[in-house]
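*Asks:* Going down the list, the sequences are from chains F and G.
Residues 6 to 254 in the working numbering are what the first sequence spells out, letter by letter.
Residues 1278 to 1810 in the working numbering are what the second sequence spells out, letter by letter.
If you are wondering where the hints come from, they were derived from the structure by calculation, not from laboratory data.
Check the hints yourself; a few may be wrong.
[Claimed, not checked] So, partial list: chain F residues that the calculated Cβ filter (under 8 Å) puts toward chain G:
#, residue
1, A53
2, D80
3, L82
4, G90
5, A105
6, V107
7, L132
8, V138
9, L140
10, S141
11, L240
This structure is a prediction, so every number in the text was calculated from the model and none was measured.
Backbone N, C-alpha and C define an ideal beta-carbon position, used for all residues, glycine too.
Each chain, letter by letter, is given below.
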Amino acid sequence: MIALQGVSKQFGGKPTLTSVSFRLDAGRTHVFLGSSGSGKTTLLRLIAGILAPDAGTVTVDGVLVKVADPCPLADRLGYMTQEGGLFPHMTAAQNVTLMARVRGWSGSAMQARLSELAAAVDLEPALLQHLPVQLSGGQRQRVALIRALFLNPQYVLLDEPMGALDPLIRRELQGVLKAVFQRLKTTVILVTHDVGEAAFFGDTIMLLHGGRVLQHGSFEELVQTPAHPYVTEFLMAQRPVPQLRALAT
Amino acid sequence: MSERKSLRLLFATAAATALVLLLFVGSAVHSGQHSRPKIRVASKPFTESYILSEMVAQIIDSVGESTGEARAERKFGLGGPTLVFDALKSGDIDVDINYTGALAHLFVKENKNADIGQLRTALAPVGVTLSESLGFNNTYAIAVRTDSARALSLATISDLRGHPELRGAFTPDFLNPDDGFYKLAEVYGLKFASLKPMQHSLAYPALKSREIDMTDAYTTDGTLAMFDLVLLKDDQDFFPKYYGVITIRTELVTRFPRTWAALRRLEGRLSDESMVRLNAKVDNKQSSIEETARSFLIESGLLPKSAASSQGSPDTERAKSPPTGSGESLWDGLLVSTYEHLSLVLISLLLSCLVGIPLGVTAFHYRRVGHVLIAATGLLQTIPSLALLCFLIPVLGIGTLPTIFTLFIYGLLPVVQSTTAGLMSLDPKLIEIGKIMGLNRWQRLRLIELPLASISIMSGIKTTAVINVATATIAALIGAGGYGRYITSGLALNDVGLILKGAIPTALMAVGFHGLFELLSRIIVPRGLQRLT
């Protein structure tokens, strides 16, 4: 379980998070929803322990997170960013096995894990020998996902993992991710500004605005009992396309 | 290629280079062993100094062969009078040729014409003593074209008084206000409309082509006849006397008494005329320095007639002796010079990398230290190489060590800067991901930061290598050999062929290093990054 209590954080005198408190239950998928600048990514960095709060506490499984280099939770945490964050000088396989090699895994153990995850994210194994520049955006994100899951982490943090993909690939990858998360039963935190994506993934959704948590609950709760007019405003921000209504049924 | 493999390759390359160099240096040191103790004979890079030091070396070897006292090690063509005298004081060389006026200038400031007794007293505290005069007085003089001397009936410097229209060009040294041209003009009451500074090697051709009418010269200059020049008599005795003398470390006089006695037989043997004749022989390429010295010594009975043929010194010794153009084939000594030049460049480059890359990493992680480091290495870069060598003589002596140190210093800046710049250009997000993944500082540096910065670092190392190849030519001025010996001697002897014998291999080696590092970049820089560029 991840818990934040009264967490505030400023950057250059500008408050990014103000008195944020919440609990995220283990084994579920939690979505941080909000527009850019709402403090979503800062929350991820606080939880990962690479950023210290100005006030308040962050605890993971009841243990206070202290900032350290490298990240104190590293082996229990998978991390993936918008562009995947793959190291350009390593092949896909080298990228995903990096920490396993540092931790001294055997070659056969790595190979087994690699095949298992490649199948899980539906990536052609031959592509693992490619360099990141040789892969498409969707392939890169699948590789990044394998890397995030490789050490079998308890927690997976995803920072707008599909933000840079075009709609069809995005939709396909969303399906892959959801299936993987359901199977692994890890605790997932997914940061997005896409309402549809939040509804698709989120067991709970936390709507952030201006560094404050406006509402934390299920998607239905946000829709039916909004805690603030902004909640409804944000959920309805996407312009409906009436012409498509007929196609949906 | 994986990041581990490329890193391993980097280390392996460095280690192999170091090993090969060590073996080379080891074997070179080994081959230099002889039974007789050596006397290190220095010369400065001009014809007269080469000839006289060669005579000294031949006498030492000749005495050594019959008595077993010593053998000569030639350290010829060392740069600058102060540099050589510093080396004599510090014991890095043992004997060389000096001039009384120059010694007086350094040690007896109040008396420019101090006699040899006074000079001996003045030099005693630094452990150096000197012979009596060798005979000739190689002082300053004013040279004019023979035809203008005839037309204007110029025979003495006083005769210049009525000719303010004559255009003068003098070496920058001679144009100093204390004792050079201005003092001379004051003493003689001379005035000229046009005066400019000009290097010696340019002034003679300029005189010949009538762009100037007079310049400063030396009284024993061997090239005066070739340029059709005459010297004007110093009728008011303005110039100090510059009698040639042998300067030697005092301890050697007692250690090698027979050698010293033989050397002193040179005293009074060389008149102004014979010195001019010997200089001319070499300057006009009629005879090599070695032969010129040998035949004079044999004629004067200072060497046995049996010494007429070359003594067949080993190749390493041969390379240390002055290259003279005439009597020497194109390839003579080139292999040894290449080896010397290459070792200087590679060893200093290796040091620059071993020190510079960690410094660059430090400068990146601690920005404040970084500013100081970059400023400091930049400052070191601005010290003129010869000045740096002079500073180093008391600490490191002369030869290979100070040259490597100098090149190492010059190589630091490009390596430090390219390392820092390479690291600064990295995407901070990638570094953060490394942190979140659990890589510690050292692992991030090794696996992420250095491989990603390798393009920049390699280009810095390449710059250093190419600069070092060029800068290593100064090694000759401090007795470390290399291609510079041909350039220095060529400049001193006005021999274009000899200059090219040094300059062309230097240029080729620079091009070679450029290509080599392009190739190394392909191997060391990860494949994923090469596609990006």
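*Asks:* All hints, please: hold or fail.
*Replies:* Here is what the structure says about each hint:
no., hint, verdict
1, A53, "5 Å, holds"
2, D80, "6 Å, holds"
3, L82, "7 Å, holds"
4, G90, "4 Å, holds"
5, A105, "11 Å, violated"
6, V107, "6 Å, holds"
7, L132, "14 Å, violated"
8, V138, "5 Å, holds"
9, L140, "11 Å, violated"
10, S141, "15 Å, violated"
11, L240, "30 Å, violated"
The structure fails hints 5, 7, 9, 10, 11 (numbered hints given earlier, in ascending order).
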